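Enquirer: Residue numbers (our numbering), protein chains in the order written: chain A, 3 to 87; chain B, 3 to 282.
Incorrect hints may appear among the rest.
On the chain A side, residues computed to face chain B include the following (Cβ under 10 Å) [said to hold, decoys possible]:
hint, residue
1, Arg20
2, Asp43
3, Ala47
4, Ala53
5, Val62
6, Pro63
7, Asp64
8, Gly68
9, Thr69
Derived by calculation from the structure, the hints in this document are not laboratory data.
As the structure is a prediction and not an experimental result, all values here were calculated from the model.
Even glycine gets a Cβ: it sits at the ideal position worked out from N, Cα and C.
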Amino acid sequence: MSDELITQVKQMIIDALRIDGMAPADIDTDASLFGEGLGLDSIDALQLVVAMEKDFGVVVPDAATGTKVFASVRSMADYIATNRK
Amino acid sequence: MICFMFPGQPLAPPAALPDDPLFREIAGLARERAAFDLVTFSWLGAPATDQVALQLYGVAMSLYRTRLLRAEGVSPQLVAEHSMGIYPAIAAVGALPEGEVLELTARSGRAMAAMGRAKPYALGCIVGLTLEPLLAIAENNGVFLANHNTSRHFLLSGERGAMEDACAEALGRGAFSVKIFPCDAPLHAPPMAEIADELGAIFAGYRYREPVIPLLDHIEQEFLTAADLPAFMVRELTLPVNWERTYRALRRAGCSRFLEVGVGDSLKKYNRWIESETGR
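Could you put together the complete structure from these sequences and hints?
Expert: The structure is reproduced here in structure tokens:
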């Protein structure tokens, strides 16, 4: 998985969640996105599902998959790299 | 145009509370008018439920943040409210003093808590489904739509067992996430009519002044007058909140800056979702 994809995922998170004043470099690639870490919730998660489909053509089909995919930026990038057409 | 948005009841107690003179004043009012100590999160007199405590905490934090924003020179041109956000919103528009709002919150909360002694109730937060299947699930399981927050974010209200079945069905139908929260009463649903007279008597016992800032309601998106307030506060507990319509009405009214004045940032996130759909 490329550093470029990691940066793209971070930028997608910033854009989709409209996080003001944050740059991709500010997000830890391996930190938890929910709870501690970025502190995202289920409202944010659905926003990221839509953004991943729009930006990368990758579908997160259900909550169980979402829990694994949205564990961290790295897990999101892994999922995208594996599933994008 | 700045809009102050007042959110509903928080779902969890505070991890930490502010410690400054403005907060201490609000905490003093909560002790005096609601017999509740925010700092120790405990009752000073006859205890009420955890849900009433959360309601008071939410209202107190909204009152505190209103004071904080005003101290920074930020004032709204319009005020909107979601669910029990109506209580601090009433203070923000000058219709009731803060102390009376805290008292009213405690009294109405205790009335609702009495319903929970007869049956366990719950709220079900469903994310990801659209309205049509959501309404079918509610009907299938005998629960009610309580919040229509966006096209994909809903809250159901009803008896605990029925809510567990409804949430299981929602997951089976492809909901992205479901979560159940305890509550004292079937909020924003028709069974609340059971205590409508009692709540009406509580709300009618205060002298409301005319709002000095326009206050938009979350049911029909109309501006509330002093005379509307007591009946609205009963009615809003029997009918669903429609935040999506409310946000769109605020935009049409010219609001361009939205400040969430309370605990959390759910309303901002709902707004973001609604905006993202508008831009599609």
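Enquirer: So, for every hint listed, does it hold in this structure?
Expert: We went through each hint and held it up to the structure:
1. Arg20: 6 Å, holds
2. Asp43: Given a least distance of 8 Å, the restraint on aspartate 43(A) holds.
3. Ala47: It holds, given that the least Cβ distance between alanine 47(A) and chain B is near 7 Å, below 10 Å.
4. Ala53: 9 Å, holds
5. Val62: Holds. Min distance 8 Å.
6. Pro63: Nearest chain B Cβ about 8 Å off; hint holds.
7. Asp64: 7 Å, holds
8. Gly68: Result: holds, 6 Å to nearest chain B Cβ.
9. Thr69: Where the cut-off is 10 Å and the nearest Cβ of chain B is about 9 Å from threonine 69(A), the hint holds.
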